[in-house]
Amino acid sequence: MPLRRSRLRGILDWVLVAVLFGLCALMVARLDEVSLRNVAGAVRVVDGDTLEIAGQRVRLSGIDAFERDQSCRRDNADYACGLEAHRALAALARDGGVSCAGRTVDRWGRLLAVCEARGRDLNALMVESGWALAWGGYDGEEQSARLARRGAWGGEFATPADWRAGRGEPAEPRQDWLRRVIDLIVQLFTGRGGEDG
Numbered sequence: 000m001p002l003r004r005s006r007l008r009g010i011l012d013w014v015l016v017a018v019l020f021g022l023c024a025l026m027v028a029r030l031d032e033v034s035l036r037n038v039a040g041a042v043r044v045v046d047g048d049t050l051e052i053a054g055q056r057v058r059l060s061g062i063d064a065f066e067r068d069q070s071c072r073r074d075n076a077d078y079a080c081g082l083e084a085h086r087a088l089a090a091l092a093r094d095g096g097v098s099c100a101g102r103t104v105d106r107w108g109r110l111l112a113v114c115e116a117r118g119r120d121l122n123a124l125m126v127e128s129g130w131a132l133a134w135g136g137y138d139g140e141e142q143s144a145r146l147a148r149r150g151a152w153g154g155e156f157a158t159p160a161d162w163r164a165g166r167g168e169p170a171e172p173r174q175d176w177l178r179r180v181i182d183l184i185v186q187l188f189t190g191r192g193g194e195d196g
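When the sequence shown is numbered by numbering that gives the first Met the number 0, its final residue is 196 and no position is left out of the sequence of numbers.
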């Protein structure tokens with residue numbers, strides 16, 4: 000009896016190795032299909048973390064900006080922090096070609112990307128300015144903005160995620176490294192992005 004079990008276990012081990020090898024081969028074969036997508040050109044700012052370039056909507060990855068209709072509080076008064084976030088991104092994107100590079104898309108078809116204007120990382124600058132929060136990236140920039148009380152950090156606010164949840168809007172998943180790996184694997188096997196945000 001023990002000999003049969005050990006022989007069966009050995010066969011199962013080899014089957015598992017073959018399956019894993021096959022999955023790796025499939026991933027390698029599909030990897031070139033999931034190449035980096037670059038978008039560049041004239042830009043229209045949709046909100047504090049979304050651009051439109053050449054007809055393609057682009058979501059700045061790793062950040063979560065205040066929503067256009069969102070209000071925050073400073074000096075005992077409400078102000079339109081969502082509009083401030085929109086204005087900040089528009090100012091950063093003005094007077095220079097914007098280029099974005101990303102691999103996955105979210106459920107709304109937006110390319111999740113890192114964007115630059117005049118060689119400056121717009122994602123990082125939005126967090127550093129205090130008009131966007133780190134959302135799976137840019138933690139150092141958020142800490143800097145918080146300590147200097149830049150942007151919305153100069154007052155009180157609900158995080159954009161909490162604000163959306165309060166309005167019954169769908170949550171956007173954090174864009175951390177594990178989420179990016181999962182998205183890449185989903186895209187390798189399905190040809191679509193796995194990101195839900």
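I should point out that these hints are in silico values taken from the structure, not numbers from a laboratory.
Note that the structure is a prediction, hence the values are computed from the model and not measured.
It is possible that part of the hints are untrue.
[Said to hold, decoys possible] Computed Cβ-Cβ distance ranges for the label pairs, DEER-style: (1) S34 <-> G9: 35 to 41 Å; (2) D161 <-> D138: 14 to 20 Å; (3) A76 <-> S143: 23 to 29 Å; (4) Q55 <-> D94: 19 to 25 Å; (5) D12 <-> R145: 48 to 54 Å; (6) L22 <-> R86: 22 to 28 Å; (7) S143 <-> R72: 20 to 26 Å; (8) A147 <-> W13: 43 to 49 Å; (9) R166 <-> Q142: 26 to 32 Å; (10) G118 <-> R166: 35 to 41 Å; (11) E168 <-> A100: 15 to 21 Å; (12) A79 <-> S143: 20 to 26 Å; (13) N37 <-> D161: 31 to 37 Å.
Don't be surprised by glycine CBs; every beta carbon is placed ideally from N, CA and C.
(Q) Tell me the numbers of any earlier hints that the structure contravenes, in ascending order. (A) Failing hints, ascending: 6, 8 and 11.
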